[in-house]
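Chemist: Sequence:
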Amino acid sequence: HAYSAKLRPPLLPANLLIVSINANGLNIPEKRSRIKWGDPDLVCLQETHFRRLSHPLLQVPRYTTQFHATGPTKSRGVSILLHDRVTFQLYRKLSDPKGRYVFSSVTLDLLTIYRLIPL
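Throughout, this note's numbering is defined as the position within the sequence shown, counted from one, plus 348.
Bear in mind the hints are in silico, worked out from the structure with no lab data behind them.
Errors might be hidden in some of the hints.
Stated by the list, open to error - No more than 16 angstroms apart at the CA atoms, straight line, and that leaves these computed lysine to aspartate or glutamate pairs for EDC-like:
| id | residue 1 | residue 2 |
| --- | --- | --- |
| 1 | Lys379 | Glu395 |
| 2 | Lys422 | Asp444 |
| 3 | Lys422 | Glu395 |
| 4 | Lys446 | Asp387 |
| 5 | Lys384 | Asp432 |
Model the full structure from these sequences, guided by the hints.
Modeler: Structure below.
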């Protein structure tokens, strides 16, 4: 069974930019600002160092869809952030209670159009 995300713009940009960051902790605002650099469509974060109840502190404008796996201590932690312009359907989400992985099975809507322009 597919779960639809919030209504979003119908198309992705021409290129899908995916960024992976080993953050070595995101409790400092300057480190969190690196997430927005380059305006990526998908951000994969490792070593977020958030505790179970602190990942909501990761409030990044335009990245309201977030999947997290946090550990029992202030170590480990991974996150996936999707930009609000990305249209997708979430099918399944798995996360490790020790904060070692988060898995999200999604379908992205992609479209390309070829149009002949009369000369």
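Chemist: It remains to establish, for every hint, whether it holds in the given structure.
Modeler: Each hint tested on the structure:
The hinted pair formed by Lys379 and Glu395 meets the criterion: a straight-line CA distance of about 12 angstroms does not exceed 16 angstroms. Only pairs whose Cα atoms come within 16 angstroms are accepted, and Lys422 paired with Asp444 is accepted, the gap being roughly 15 angstroms. For the given pair, Lys422 sits about 10 angstroms from Glu395 by alpha-carbon distance, which is consistent with the 16 angstroms threshold. This hinted pair does not check out: Lys446 and Asp387 have alpha carbons roughly 29 angstroms apart, beyond 16 angstroms.
Annotation: proposed proximity of Lys384 to Asp432 holds, straight-line Cα distance about 12 angstroms (limit 16 angstroms).
The structure is inconsistent with hint 4 alone, although it conforms to all the rest.
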